[in-house]
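Engineer: Sequence:
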Amino acid sequence: MRDTVYFLAFDGFADWHAAHALCEIRRPGDWQLKTVGFSMQPVLSMAGLRVVPELTLDELDLRRAALLIVPGGYLWEHGYGDEVVQAVGRLHAAGVPVAAVDSGVLVLARAGLLDACRHTGSWPGHIGTHVPAYAGAEQYDANALAVSDQGVITASQLGSVEFAREVIRTLDLYNPSDREHWYRMFKHALPPPWCAGDAATAVAA
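Here the sequence shown stands for residues 1 to 205, numbered as in UniProt numbering.
I should point out that these hints are in silico values taken from the structure, not numbers from a laboratory.
Quick caveat, the model's predicted, so the values are computed rather than measured.
We put the CB at the ideal spot given by N, CA and C, even for glycine.
Some hints here could point you the wrong way.
[As the list claims (entries may be wrong)] Below, a list of computed lysine to aspartate or glutamate pairs in the EDC-like style, where the Cα atoms sit at most 20 Å apart:
#, residue 1, residue 2
1, K34, D3
2, K34, E83
3, K34, D11
4, K34, E59
5, K34, E54
[Said to hold, decoys possible] Computed Cβ-Cβ distance ranges for the label pairs, DEER-style:
#, residue 1, residue 2, range
6, M40, A137, 18 to 26 Å
7, R50, D178, 14 to 22 Å
8, A47, Y80, 19 to 27 Å
9, K187, Q150, 20 to 28 Å
10, P191, D115, 35 to 43 Å
11, M185, D58, 33 to 41 Å
12, E138, P191, 36 to 44 Å
13, D149, G128, 28 to 36 Å
14, D58, D178, 16 to 24 Å
15, K187, M46, 20 to 28 Å
All chains should be modelled from the sequences, with the hints used to inform the complete structure.
Structural biologist: Right under this line is the structure:
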């Protein structure tokens, strides 16, 4: 049963990139969310949050994995993380969706996953600059803040809400109508119908 979402934590990871997505994954209570690391040693996020991994990359359970999320961080632009590249390849080959934001997208590119699927990133040319073997430039969508295609989710550093929407869709967390209302609320501050009355009362008060 695929019921576990893995989130990769490492020193300097951008903690805001997947924040919306992680909260929505936990909200229904149907999914396990586990933090994976290069080791079991505590790490510090870019904002200074101390996170202790629950398992290492070689302990990922392919039978239970429903998604792997790779946030951005300066680590990827310096070419580190071969273990993650290999893990991403194993998961995707086993039919597990993989997701990345900002420079985390470089990991997916190094795994060869962006050469034949539609994707995006933080800006045109960013992937090719850091991944010489990247051959997916024609598949790059510069007009989208987040893209999901063939089990691969990619997002710009500015697309955390759009990224969360693609994760919600991939895991089928909400029905299409609720998903769209969720997006409008967090992107445009438009309360969903079930909150409209409360919002009006608050304004009147």
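Engineer: Need the list of violated hint numbers for this structure, in ascending order.
Structural biologist: 6, 7, 13, 14
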